[in-house]
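Residues per chain are reported as follows:
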Amino acid sequence: MFALADCNNFFASCERVFRPDLEGKPVIVLSNNDGCAVARSNEAKALGIPMGAPLFKIRDIVEKNKVTVFSSNYALYGDMSHRVQEVLRSFAPSVEQYSIDESFLDLRGVEKADMGAFAREISRTCRKLTGIPVSVGIAPTKTLAKIASKLCKQYPKLQGGCYMHCPQDIEKVLRRFPAADVWGIGRRSVKKLALLGVNTAWDYVQLREYDVCRQFALPGWRTWKELQGVPCVEFEDYIEPRQSLCVSRSFAKEIRAVGELSGQVATFAESAVTKLRRQGSLAFEMAVFALTNRFHEDDPQTFASQVVVFPDGTDDHAAVVMAAADAVRTFFNPRYGYKKAGVVFTRIAPREGHTGSLFRDPEADARDARLSRALDTLTATYGPGTVLFGIQGDGRVQSARQQQSPRRTTHWGEIPHVTVK
Amino acid sequence: MQPHPITDSESFESLLVGAVKAGFPSPAEDLREKLDLVKLLVRHTASTFFFQVDGVSMVDADMDEGDILIVDRAVDPYNDCKAVCFIDGEFTVKRVSIGRAGVVLLPCNERNTKFRPIPVGPDNDFVIWGVVTYIIKKA
Chain A
4 MFALADCNNF FASCERVFRP DLEGKPVIVL SNNDGCAVAR SNEAKALGIP
54 MGAPLFKIRD IVEKNKVTVF SSNYALYGDM SHRVQEVLRS FAPSVEQYSI
104 DESFLDLRGV EKADMGAFAR EISRTCRKLT GIPVSVGIAP TKTLAKIASK
154 LCKQYPKLQG GCYMHCPQDI EKVLRRFPAA DVWGIGRRSV KKLALLGVNT
204 AWDYVQLREY DVCRQFALPG WRTWKELQGV PCVEFEDYIE PRQSLCVSRS
254 FAKEIRAVGE LSGQVATFAE SAVTKLRRQG SLAFEMAVFA LTNRFHEDDP
304 QTFASQVVVF PDGTDDHAAV VMAAADAVRT FFNPRYGYKK AGVVFTRIAP
354 REGHTGSLFR DPEADARDAR LSRALDTLTA TYGPGTVLFG IQGDGRVQSA
404 RQQQSPRRTT HWGEIPHVTV K
Chain B
-16 MQPHPITDSE SFESLLVGAV KAGFPSPAED LREKLDLVKL LVRHTASTFF
34 FQVDGVSMVD ADMDEGDILI VDRAVDPYND CKAVCFIDGE FTVKRVSIGR
84 AGVVLLPCNE RNTKFRPIPV GPDNDFVIWG VVTYIIKKA
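First to last, the sequence lines map onto chains A and B.
For the first sequence, our numbering begins at 4 and goes up steadily by one.
For the second sequence, our numbering begins at -16 and goes up steadily by one.
FYI, nobody ran anything at the bench for these hints, they're computed from the structure.
Please note that a few of the clues may not be correct.
[What the hints assert, rightly or not] What the simulated footprint calls covered on chain B by chain A, stretch by stretch (three residues with Cβ under 8 Å from a Cβ of chain A suffice, anywhere in the stretch; the number is not a length): (1) 29 to 37; (2) 45 to 56; (3) 73 to 81.
[As the list claims (entries may be wrong)] In silico DMTMM-like links for lysine to aspartate or glutamate, alpha-carbon gap of 25 Å or less: (4) A:K48 to A:E89; (5) B:K22 to A:D63; (6) A:K131 to B:E73; (7) A:K69 to B:E73; (8) B:K17 to A:D379; (9) A:K28 to B:D63; (10) A:K60 to A:D301; (11) B:K22 to A:D82; (12) A:K131 to B:D106; (13) A:K69 to B:D71; (14) A:K131 to B:D63; (15) A:K28 to B:D106.
Cβ coordinates follow ideal geometry from the N, Cα and C atoms, glycine included.
All chains, full assembly: derive it from the sequences and hints.
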């Protein structure tokens, strides 16, 4: 058996943990630059606020219904996510984090007389210990567990836990579950599904194996098997190193000065190298890009980019940061207001087993490696931005977060206050 | 290098000293153990949160302005525990009396007559957010 634990409206729920007064009231959380609604409480969903709606389009609904609006507070969400993970780990020998708010639990070997009660217990414990409401679905495969967890959200009577195992129950559920909402099928297949007359997950299961393979290839076949209760999606309690790695942000105000843009990009590069080093990889190629605001149609538009090659591969902080800042100077043009920029490592390989080049100075390399390791340690101990390269300026990423709540669980100066009465 | 037999004049110890220029090596070289306050004060890392005491300090209360409260949501409220409660839209620390009469919120300081005991009924909009397990205060 597998379980999927999915935090309900995660970002909105994190905000509510410290604002019990918002329980039962509409809450939304905005994306990085206060652009769009990326999380909505059930009450906000009921008001018809769509996922991803730009704030300016929903301003009327927000004001009329006194919707509480938060800027995103990733320090808080990251910490709360770790707490939920920790609770989940106490229930299963192996937990795979699928996203910031979803985890799979491998329950093979976990014997419980009443799996439904077990699902509810996991949900109740997460809520009690962390304050986050969690929907737990248990089923013979990961794909079915995901469906079971969605049922918890539809039916509050399930009390956050749903065990779906006997074939008749599964059939009943699949007959009413839209095929496009099944994990692994996806919205892109909607047209194809319609052509085959597939509306529900059950219709999908009824397809002939041959047609599934031809139309949806291997991933589609796996989903088809999983819906029939045959586990095909491997349990991954370690995460594959990424093949490419991107750090990008949009800015609150357009940037028109080369120093400012290269400083921001240097900070993105620095955070990309930190991620690269954490997964033990070397970068062989990097693309640096910047673009203008496409919503300002009257302004001149550009998408500029510059590719940098590291022939011997690198995971050196200084080398990457400097190269990224230099790349910005090659394409920067003061005619444009840059709205977004980023750094992508487009070619990555594991550091292990990589031999250096003959034409390098081993002593200088060793010195750079020592510096990079020192930077890693400082970041791990004191947090990102503790030491900066001069080019980064103050190292702060310029962004608009007007309604950000305090980082209550990660910064001493921002912990919540109580009165004693 | 040639194998070097230990002769009478050279004790094993003197060889060791020779290997470390600064003198006799510390027997605790590889054991840098430290007392970890977090281990002492935080039983459950997933459910422990910190709050800071606000407002006027109260005479004889064991909490003063600026104190840090360690609050553990894993601890079930017990009779006469101190807990962070959410009442009337604000976080307040109360002594919680749990008895036959039900839940009664008492002021943290018994001698303070300004705040009366509040019996909690079904109509009250109130949650016990978490139980206070430690109070960190400046000496």
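Now for the hints, and whether the structure bears them out:
For the stretch 29 to 37 of chain B, the stated coverage by chain A holds: 8 residues have a C-beta nearer than 8 Å to a C-beta of that chain, and at least 3 were required. Proximity of the stretch 45 to 56 of chain B to chain A, defined as three or more residues with a beta carbon under 8 Å from a beta carbon of that chain, is established by the 4 residues found. Under the rule that three or more residues need a Cβ within less than 8 Å of chain A, the assignment of the stretch 73 to 81 of chain B holds, with 5 such residues. Note on K48 of chain A and E89 of chain A: the hinted pairing is violated, with a Cα-Cα distance of about 29 Å set against a maximum of 25 Å.
Proposed proximity of K22 of chain B and D63 of chain A is contradicted: the alpha carbons are some 50 Å apart, above 25 Å. Between the alpha carbons of K131 of chain A and E73 of chain B the distance comes to roughly 20 Å, so the proposed pair stays at or under 25 Å and holds. A threshold of 25 Å between alpha carbons decides the hint, and for K69 of chain A with E73 of chain B the separation of about 19 Å falls inside it, so the pair holds. With a C-alpha separation of about 22 Å, the suggested pair K17 of chain B and D379 of chain A falls inside the 25 Å cut-off, and the hint holds.
For the given pair, K28 of chain A sits about 32 Å from D63 of chain B by alpha-carbon distance, which is inconsistent with the 25 Å threshold. This hinted pair checks out: K60 of chain A and D301 of chain A have alpha carbons roughly 21 Å apart, not beyond 25 Å. With a CA separation close to 18 Å, the supplied pair K22 of chain B and D82 of chain A stays within the 25 Å bound. With a C-alpha separation of about 22 Å, the suggested pair K131 of chain A and D106 of chain B falls inside the 25 Å cut-off, and the hint holds.
Distance hint between K69 of chain A and D71 of chain B is fulfilled; the C-alpha atoms sit about 19 Å from each other, no more than 25 Å. For a cut-off of 25 Å, the pair hint linking K131 of chain A to D63 of chain B stands: about 20 Å separates their Cα positions. Of the pairs offered as hints, the one joining K28 of chain A and D106 of chain B holds, with about 18 Å between alpha carbons and a cut-off of 25 Å not exceeded.
Of the numbered hints stated above, those contradicted by the structure are hints 4, 5 and 9, listed in ascending order.
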